[in-house]
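Trainee: Protein chains in written order, with numbering that gives the first Met the number 0: chain A, 0 to 440; chain B, 0 to 245.
Among these hints, one or two may not hold up.
Straight-line C-alpha distance at most 35 Å; calculated DSBU-like pairs for lysine-lysine [said to hold, decoys possible]:
#1 A:K343 <-> B:K86
#2 B:K143 <-> A:K43
#3 B:K139 <-> A:K343
#4 B:K85 <-> A:K343
#5 B:K139 <-> A:K43
#6 A:K343 <-> B:K38
Read the hints as simulated data drawn from the structure, not as lab findings. Just so it is clear, the structure is predicted and the values come from calculations on it, not from any experiment.
Here are the chains, one letter per residue:
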Amino acid sequence: MAIQTPESSNASKLDNTASSATFNKPNSTYNHSSQNTLIARLAKRSIFRNTRRTLLTVLLISCSLAAILFTDAFVRGMVETMVKISTQTFLGEGQIHRFGFREANDIDLYIEDTTALYQQLNATKAIQAFAPRVLTGAMTSSSENVASAIVYGVDAAKEAKVSKLKLAVTQGDYLSGIDGEIIIGEQLADLLEISLGDRVVITVSEANGGVLSQALFRVSGLFSFNERSMDIGMAFINLSQGQQLLNITGVHEVALRLQHLQQAADNTLPFWQTLNNDHIETLSWQELVPQLSSMLAMTKYSTLIVSIIMYVLVCLGLINTMFMSIFERQTEFGILLAIGTRSKQLFYQIMLEGFFIGLLSVTVGLLMAFVLCYWGSIVGIDYSELEMSGLTLNEPIYLILDASSFAIMGIATLVVTLIASVYPAFHAARLQPSFAMRKTL
Amino acid sequence: MTTQVDITDVTNKVRASQNTVIETTHLSREFGQGDTLVKALTDANITIERGEFTAIIGPSGSGKSTLLQLIGGLDNPSSGDVFLDKKNINRMTGTELSDFRRDHIGFIFQAYNLIPVLSARENIEYIMLLQGVPTVERDKRVDKLMHAVGLEGLGDRRPAELSGGQQQRVAVARAMVSKPSIILADEPTANLDSKTGADLLDMMKELNTKQNMTFVFSTHDPKIMERAKRIISLVDGCIVDDERRS
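Please put together the full structure from these sequences, using the hints given.
Mentor: Below is the structure:
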């Protein structure tokens with residue numbers, strides 16, 4: 000006979016609760032919403048069961064994501080800085096030449112009808128400014144020494160809008176348009192053992208005949224681009240005098256400054272077609288210096304490589320965490336399975352835990368990356384005096400935040416965490432209750 | 000010295016009964032192979048009627064837990080079959096078996112085995128959530144069960160905040176909430192003090208009596224043995240005695 004205790008008498012109150020103990024018919028229409036809520040609740044609480052471990056995992060993933068995005072922003076910034084240095088120093092974002100000039104360096108191949116060309120360039124909205132130039136290899140002589148250099152004849156006003164020649168003048172004055180003035184690189188000046196105000200004789204071969212032509216110049220300024228090949232091998236005179244020296248009326252080269260740097264890469268823009276005809280060719284900086292273009296393309300791959308390495312580490316870290324968590328909770332999974340949780344539901348629970356960890360990590364990682372990259376975009380990272388592929392990074396690299404990168408990398412991280420969760424989830428779902436609960440039942 | 004009693008004839012006679020809720024036929028479970036082969040259970044034939052309060056007893060390692068696991072579909076037998084309400088659970092797919100356990104079997108474990116991240120109330124309603132029981136019905140059943148097991152006011156506490164006895168009451172409520180026809184209890188009083196254990200057993204006994212719920216215990220506890228209507232004794236994986244009490 001059962002002893003009547005307060006608890007046992009309470010049991011009689013179940014009369015209406017658990018009716019006769021017959022087999023229940025399973026509910027044919029499962030309330031999926033309540034099941035999903037239950038699985039989500041379990042997953043959410045489970046990830047904070049071992050807060051320290053979860054936070055460390057979140058830190059690992061978010062730091063990796065932040066590092067990837069920082070690298071991406073840095074590479075973007077570096078690419079843009081290098082392109083700017085390359086194009087805005089002197090090259091221009093595009094150049095126009097007579098066909099064959101670039102290959103042969105033949106001073107006879109100059110653009111004759113400059114009036115029509117200038118009108119066309121002025122009418123092209125995509126072109127912000129242009130600078131006509133004549134150029135030739137020359138012998139520069141001082142009273143002390145002789146050196147070879149490329150002498151450019153430039154339109155002082157127009158050149159200042161396209162290149163940094165005016166800004167590169169370190170001593171004396173920039174060209175003013177007066178005949179007889181010349182600005183030369185600091186290192187060339189050292190070689191010729193001259194300084195401001197000293198005389199220099201330029202000797203060139205005239206176009207269309209090769210007759211030697213000489214002119215006397217007085218050094219009005221010295222420049223430095225922080226680029227040895229330019230500082231030791233270039234000299235600038237006024238365009239009109241350059242044309243006189245070469246005995247031509249046209250120009251060899253027209254450097255272009257575009258409204259936007261990106262227009263140089265978009266060869267579908269109409270002006271690239273209209274500025275190319277039977278006589279002249281117009282090329283973007285990518286075509287003018289393909290080695291730089293290739294190097295930058297390779298630099299972009301480095302982001303991909305860093306991303307892959309980071310994601311592999313993230314995967315391994317997360318799998319390790321998930322497995323540690325699963326082994327700790329093996330008994331609990333056994334119970335869940337024993338009391339009727341389907342393997343599929345357990346699988347979803349673990350996947351959801353991975354998703355929550357991923358979501359948390361992505362949120363933290365994006366925030367960290369934003370703060371870091373924003374700081375880098377304002378302050379810049381100083382790489383001055385570092386030479387890379389023949390370019391001296393003479394200005395800081397400002398990081399470039401790219402919203403699409405943040406979105407893509409964020410989603411990719413979430414996908415990676417889900418992929419990393421599949422194996423642990425599959426392992427948990429395949430547990431046999433009796434094995435999982437071996438220590439208890 | 001123990002001798003195995005051949006109870007096959009008795010079992011066969013009972014098998015035809017409409018009241019049979021558990022039936023095992025030639026049930027065996029072996030672990031390992033070759034030299035390390037261990038026969039945890041050998042040729043167990045048991046028939047349990049609806050509403051029986053049965054205790055499976057035996058020394059440690061005699062196969063009690065293995066038998067309970069096999070009856071509950073938590074493990075696969077090496078040979079033989081388990082029929083629950085005439086359904087062979089060994090022929091079920093994983094999902095069918097999960098659903099069957101959820102709807103027809105209640106488990107009570109020695110170590111309580113509640114879900115630590117869920118509150119007492121959530122632990123009890125877990126199975127009903129899996130079953131898709133509507134919220135109103137769910138709340139009603141949980142309230143009544145919590146009252147019945149004497150846990151009113153403790154619903155929001157996590158298992159770690161409850162005493163052993165209170166945790167086991169939650170486990171009992173969880174086992175019963177889906178109105179299962181069978182409750183399998185593995186040494187449910189082993190971790191409880193004698194007073195709490197006795198109270199809990201009385202509560203289960205009353206449920207058994209009033210609701211005709213079938214209880215199968217594996218136990219060493221004399222308190223369970225004295226309340227059981229039937230005692231099945233196991234030694235070295237073999238059933239050696241099957242005693243029915245009036």
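Trainee: The structure should be examined with respect to each hint, and the outcome stated for every one.
Mentor: So, going through the hints one by one against the coordinates:
Restraint check for K343 of chain A and K86 of chain B: the C-alpha separation of about 23 Å stays at or below 35 Å, so the hint holds. With a C-alpha separation of about 28 Å, the suggested pair K143 of chain B and K43 of chain A falls inside the 35 Å cut-off, and the hint holds. Only pairs whose Cα atoms come within 35 Å are accepted, and K139 of chain B paired with K343 of chain A is accepted, the gap being roughly 29 Å. This hinted pair checks out: K85 of chain B and K343 of chain A have alpha carbons roughly 27 Å apart, not beyond 35 Å.
Restraint check for K139 of chain B and K43 of chain A: satisfied, since their Cα atoms lie roughly 26 Å apart, inside the 35 Å limit. Pair hint K343 of chain A plus K38 of chain B holds up; C-alpha atoms about 32 Å apart against a cutoff of 35 Å.
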